[in-house]
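Novice: Sequence:
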Amino acid sequence: MMRSDAVMAEAELSVVVPSFNESANLRPLIERLTAVLESCARSFEIIVVDDGSTDDTLEFLRKAHDGDPRIRVIALSRNFGKEIAIAAGLDHASGAATIIMDADLQHPPEMITSFVEKWREGYKNVYGQRVDRGADTALRRILTQRFYQLFGSVGETRLPEGAGDFRLLDAKAVAALRMMREHARFSKGLYAWIGFKSIGVPFDVAPRQAGHSKFSYRKLTHFALDGLMSFTTMPLKIWTYIGLAISVFALGLASFYVIRTMIWGVDVPGYASLIVSITFFAGIQLLSLGILGEYIGRIFAEVKRRPLYVVEERLGLTPLAPDELSLRRRRDWV
Numbered sequence: 001m002m003r004s005d006a007v008m009a010e011a012e013l014s015v016v017v018p019s020f021n022e023s024a025n026l027r028p029l030i031e032r033l034t035a036v037l038e039s040c041a042r043s044f045e046i047i048v049v050d051d052g053s054t055d056d057t058l059e060f061l062r063k064a065h066d067g068d069p070r071i072r073v074i075a076l077s078r079n080f081g082k083e084i085a086i087a088a089g090l091d092h093a094s095g096a097a098t099i100i101m102d103a104d105l106q107h108p109p110e111m112i113t114s115f116v117e118k119w120r121e122g123y124k125n126v127y128g129q130r131v132d133r134g135a136d137t138a139l140r141r142i143l144t145q146r147f148y149q150l151f152g153s154v155g156e157t158r159l160p161e162g163a164g165d166f167r168l169l170d171a172k173a174v175a176a177l178r179m180m181r182e183h184a185r186f187s188k189g190l191y192a193w194i195g196f197k198s199i200g201v202p203f204d205v206a207p208r209q210a211g212h213s214k215f216s217y218r219k220l221t222h223f224a225l226d227g228l229m230s231f232t233t234m235p236l237k238i239w240t241y242i243g244l245a246i247s248v249f250a251l252g253l254a255s256f257y258v259i260r261t262m263i264w265g266v267d268v269p270g271y272a273s274l275i276v277s278i279t280f281f282a283g284i285q286l287l288s289l290g291i292l293g294e295y296i297g298r299i300f301a302e303v304k305r306r307p308l309y310v311v312e313e314r315l316g317l318t319p320l321a322p323d324e325l326s327l328r329r330r331r332d333w334v
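Heads up: the sequence shown begins at 1 in this note's numbering, then just goes up one per residue.
Don't read these hints as lab results, they were simulated from the structure.
Check before you lean on any hint, since a few could be wrong.
Below are the DSS-like pairs computed for lysine-lysine, each with C-alpha atoms no more than 30 angstroms apart in a straight line [what the hints assert, rightly or not]:
# : residue 1 : residue 2
1 : K172      : K304
2 : K304      : K237
3 : K118      : K172
Simulated restraints, written as ranges between beta carbons of each label pair [said to hold, decoys possible]:
# : residue 1 : residue 2 : range
4 : P69       : E110      : 18 to 28 angstroms
5 : R181      : A250      : 43 to 53 angstroms
6 : R314      : E31       : 15 to 25 angstroms
Glycine residues also receive a C-beta, built at the ideal position from the N, C-alpha and C atoms.
Please take these sequences and the hints and turn them into a complete structure.
Specialist: So this is what it looks like as structure tokens:
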């Protein structure tokens, strides 16, 4: 059953909050969000996406929705990851503009007022620009900086410095993102790729109020690989260049041995150098196959055409028909 136009147009602002085991932060977040939105929007909805939490997040959200119907809930059937949770929230958002923010209170809700001001000036992609990342460790700050430098040099699009998920997107920008159904999502790259008139608003990252970050270094590494492989084929090109260089080197070395043999005769070959050469080139081949396999694996995941997510429960939101998203995407661009 498709939602009526009245329901789809009821909110001026939608706020999408992906959440995984953040029950301790949700109460103060919703209180601050509600106060800010009541001061800057004619109408609004807060869509909290429960990404398979194992604490009492969903129970709290049920009570919050009962107390205020403007708080709406999408409970996913399992933990699909933050990127997919954001996509689920955007699919259900009905506002003329949509704000995306974390549930841990590191994104100050009070910044929304500045975002809305810029949106009303005509900007369609207003992103929070982190000035201070004091809550991060020195190692994480260094690795993050190096990743963005690498992405900027090899990626198809450039990421604004300090930009993250905390942003306001106009309905047209949200419609563009709904068109993109890839599973290995790197939202920061998608926000930049869609374009539109954009501007950054500086802010300081607030300390986490409760709990701990769900992003380990292992998850961050996978996230970085998804980002690079979603927006560049440079790793494949690099191995083409490496293969060419090795071929030239091998040809030169073969020529050297032929000439040396013609002049000085044949000497006894060394087994150590032979084993080292074989091992080295075997490692190069396996590494290149691994990179190729990463791209093929991503192609395999996409061609299966599985849904991005499965919803177990909705509160305050009408279920989307199987073909509703495609109809909405087509309508947005006709």
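Novice: Now, for every hint given, state plainly whether the structure supports it.
Specialist: Going through the hints against the structure:
Simply put, K172 and K304 have alpha-carbon atoms about 28 angstroms apart, close enough for the 30 angstroms limit, and the pair holds. Using a Cα cut-off of 30 angstroms, the hinted pair K304 and K237 holds, with the two alpha carbons roughly 26 angstroms apart. Using a Cα cut-off of 30 angstroms, the hinted pair K118 and K172 holds, with the two alpha carbons roughly 16 angstroms apart. The hint said 18 to 28 angstroms for the Cβ distance between P69 and E110, and at roughly 24 angstroms that hint holds.
Between R181 and A250 the beta carbons are some 44 angstroms apart, a value that agrees with the proposed interval 43 to 53 angstroms. R314 and E31 have their C-beta atoms about 23 angstroms apart, which keeps the hinted 15 to 25 angstroms range intact.
The structure agrees with every numbered hint stated previously.
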